[in-house]
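Asker: These protein sequence lines map, in sequence, to chains A and B. So in the working numbering, spot 69 of the first sequence is number 69, and the numbers just go up one at a time. So in the working numbering, spot 61 of the second sequence is number 61, and the numbers just go up one at a time.
Note that these hints are calculated values from the structure, not bench results. Keep in mind it's a predicted model, so treat the numbers as computed, not measured. Warning: the hint list may mix true and false statements.
As the list claims (entries may be wrong) - FRET-style restraints, in silico, Cβ to Cβ:
1. A:N79 / B:E15: 21 to 31 Å
2. A:D70 / B:P40: 14 to 24 Å
3. A:K67 / B:K69: 34 to 44 Å
4. A:N79 / B:P40: 28 to 38 Å
5. A:K9 / B:S60: 21 to 31 Å
6. A:P8 / B:P115: 33 to 43 Å
7. A:N26 / B:Y61: 19 to 29 Å
8. A:R63 / B:P115: 40 to 50 Å
9. B:G98 / A:T59: 17 to 27 Å
10. B:I112 / A:K44: 33 to 43 Å
11. A:K40 / B:E15: 19 to 29 Å
12. A:P69 / B:N41: 27 to 37 Å
13. A:K41 / B:K77: 19 to 29 Å
14. A:K40 / B:K77: 20 to 30 Å
Using N, Cα and C, we set each Cβ at its ideal position, and we do this for glycine too.
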Amino acid sequence: DTAVSQTPKYLVTQMGNDKSIKCEQNLGHDTMYWYKQDSKKFLKIMFSYNNKELIINETVPNRFSPKSPDKAHLNLHINSLELGDSAVYFCASSPLRRGYEQYFGPGTRLTVT
Amino acid sequence: AQSVAQPEDQVNVAEGNPLTVKCTYSVSGNPYLFWYVQYPNRGLQFLLKYITGDNLVKGSYGFEAEFNKSQTSFHLKKPSALVSDSALYFCAVRPTSGGSYIPTFGRGTSLIVHP
Chain A
1 DTAVSQTPKY LVTQMGNDKS IKCEQNLGHD TMYWYKQDSK KFLKIMFSYN NKELIINETV
61 PNRFSPKSPD KAHLNLHINS LELGDSAVYF CASSPLRRGY EQYFGPGTRL TVT
Chain B
1 AQSVAQPEDQ VNVAEGNPLT VKCTYSVSGN PYLFWYVQYP NRGLQFLLKY ITGDNLVKGS
61 YGFEAEFNKS QTSFHLKKPS ALVSDSALYF CAVRPTSGGS YIPTFGRGTS LIVHP
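Same shape as in the complex, but just chain A (with noise of 0.2 Å):
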């Protein structure tokens, strides 16, 4: 069984569209993330949540927001798509406590034309 799973893979998109990532695990987590990876390859956190607190990476367009509509499922959604929105975007969970690792998704891949 997959642990962590996203939809789309692929998401290719116009400039000033509204558009959606799942994502689901099933491994009983209570946090779950959101990341970034550029065409560097570089990894950048944009949102966590648990049960008790959204934790926002500040430099996030609001454009950006995450929804989550129970402890298995953190969603991303994107308002007014713009070219520099196109990366790679993985959902992630791991339990609260620090000393365990994270669990990453397959990733999607958006391109905004």
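Dock chain B against chain A, hints included.
Answerer: Frame of chain A, contents of chain B only:
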């Protein structure tokens, strides 16, 4: 603030030779340290971690890493490299308490193992 440095963008090694991928960190207090590997077009996979105890930790695929508190380093090693080890490697750190529980990742090191 916590930070991680991976000083080499790329490491080249011949198959069968030992490999080292370097990582140094900065964190308030004691660290939890992690290594992840990313194969092309895949998500990151956990390799190994240092929590406490023995400074030499062993992980998946024959990799190991040595925690050195005085040098604030956590270098990834393997005695004999395989071509299939070619991938992107990330080091990450979390403080054991205080600060942010969100791990800080290094910029990644591309490991290329030549046949």
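Asker: Any hints from earlier that this structure breaks? Give me their numbers in increasing order, please.
Answerer: Structure breaks hints 1, 2, 10.
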